[in-house]
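Visitor: Let the sequences and hints guide you as you build the complete structure.
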Amino acid sequence: DQQVKQNSPSLSVQEGRISILNCDYTNSMFDYFLWYKKYPAEGPTFLISISSIKDKNEDGRFTVFLNKSAKHLSLHIVPSQPGDSAVYFCAARRVNAGGTSYGKLTFGQGTILTVHP
Amino acid sequence: NAGVTQTPKFRILKIGQSMTLQCTQDMNHNYMYWYRQDPGMGLKLIYYSVGAGITDKGEVPNGYNVSRSTTEDFPLRLELAAPSQTSVYFCASSPHQSGSSYNEQFFGPGTRLTVL
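Those protein sequence lines, which keep their order, are chains W and D.
The numbering of the first sequence is this note's numbering, which starts it at 1 and goes up by one.
The numbering of the second sequence is this note's numbering, which starts it at 1 and goes up by one.
Honestly, the hints are just simulated from the structure, not real lab data.
Backbone N, C-alpha and C fix where the C-beta goes; we use that ideal spot for every residue, glycine too.
A couple of the hints might just be wrong.
What follows is a list of derived Cβ distance ranges for each label pair [claimed, not checked]: (1) D:Met-41 <-> W:Asn-96: 42 to 48 Å; (2) D:Lys-14 <-> W:Ser-74: 42 to 48 Å; (3) W:Ala-41 <-> D:Met-27: 29 to 35 Å; (4) D:Lys-14 <-> W:Asp-59: 42 to 48 Å; (5) D:Thr-7 <-> W:Pro-79: 38 to 44 Å; (6) W:Ser-10 <-> D:Lys-14: 32 to 38 Å; (7) D:Gly-51 <-> W:Gly-98: 42 to 48 Å; (8) D:Met-41 <-> W:Ser-12: 32 to 38 Å; (9) W:Gly-83 <-> D:Gly-3: 19 to 25 Å; (10) D:Thr-7 <-> W:Ser-12: 41 to 47 Å; (11) W:Ser-12 <-> D:Ser-101: 21 to 27 Å; (12) W:Tyr-39 <-> D:Thr-7: 18 to 24 Å; (13) W:Ser-69 <-> D:Asp-73: 39 to 45 Å; (14) D:Thr-7 <-> W:Arg-17: 17 to 23 Å.
Guide: Here's what the structure looks like:
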């Protein structure tokens with residue numbers, strides 16, 4: 001049961017244009033949504049997060065949008081740069097019925113972003 | 001700070017062999033995690049720990065064991081290696097997690113394990 005899905009395995013974008021990466025989820029017990037970036041032979045690095053009570057969070061060139069009714073979030077990168085080429089993972093943090101979180105993350109399959117010069 | 005370090009970087013095991021994947025963090029984080037990543041898939045949580053002496057199962061714990069005797073170290077043990085355990089293993093740590101904010105997880109560089 002894939003609770004977090006990234007349906008696009010890859011995305012190719014021209015430098016300077018917008019990159020939009022999408023993610024869908026099914027579990028209503030997720031309280032935070034994150035994006036992690038991963039280069040080959042390295043561990044994932046945190047990019048940006050959004051609380052389930054917000055609909056937008058912005059950090060420089062990166063903006064994450066959350067549509068709770070559609071159970072959908074997206075990451076916008078503007079403008080895209082060749083150094084942004086990496087695998088992007090959408091992830092969600094679960095909170096238990098008591099509101100406690102142990103930081104357990106559920107990851108999507110990842111989207112390979114390639115930004116061409 | 002070195003952050004999260006993992007050893008070894010690569011390992012090839014024969015079916016039935018055992019090994020321990022080492023993970024150490026120097027950020028004094030309470031929370032530590034082990035994930036595995038299979039080709040074309042996302043990371044799946046194997047085990048996690050909220051502090052020294054406290055561990056719990058994640059999504060895919062079968063075939064693995066962990067211990068947490070110190071804040072810094074969180075080794076992952078494979079007792080009887082199987083081909084299905086061929087994967088890349090990532091260790092991560094984070095400060096205390098609360099319901100009101102997200103504290104990022106810091107990942108190590110990974111251990112690539114092949115079981116033949």
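Visitor: So, for every hint listed, does it hold in this structure?
Guide: Evaluated hints:
| no. | hint | result |
| --- | --- | --- |
| 1 | D:Met-41 <-> W:Asn-96: 42 to 48 Å | 25 Å, violated |
| 2 | D:Lys-14 <-> W:Ser-74: 42 to 48 Å | 45 Å, holds |
| 3 | W:Ala-41 <-> D:Met-27: 29 to 35 Å | 22 Å, violated |
| 4 | D:Lys-14 <-> W:Asp-59: 42 to 48 Å | 46 Å, holds |
| 5 | D:Thr-7 <-> W:Pro-79: 38 to 44 Å | 39 Å, holds |
| 6 | W:Ser-10 <-> D:Lys-14: 32 to 38 Å | 35 Å, holds |
| 7 | D:Gly-51 <-> W:Gly-98: 42 to 48 Å | 18 Å, violated |
| 8 | D:Met-41 <-> W:Ser-12: 32 to 38 Å | 21 Å, violated |
| 9 | W:Gly-83 <-> D:Gly-3: 19 to 25 Å | 21 Å, holds |
| 10 | D:Thr-7 <-> W:Ser-12: 41 to 47 Å | 36 Å, violated |
| 11 | W:Ser-12 <-> D:Ser-101: 21 to 27 Å | 35 Å, violated |
| 12 | W:Tyr-39 <-> D:Thr-7: 18 to 24 Å | 20 Å, holds |
| 13 | W:Ser-69 <-> D:Asp-73: 39 to 45 Å | 44 Å, holds |
| 14 | D:Thr-7 <-> W:Arg-17: 17 to 23 Å | 41 Å, violated |
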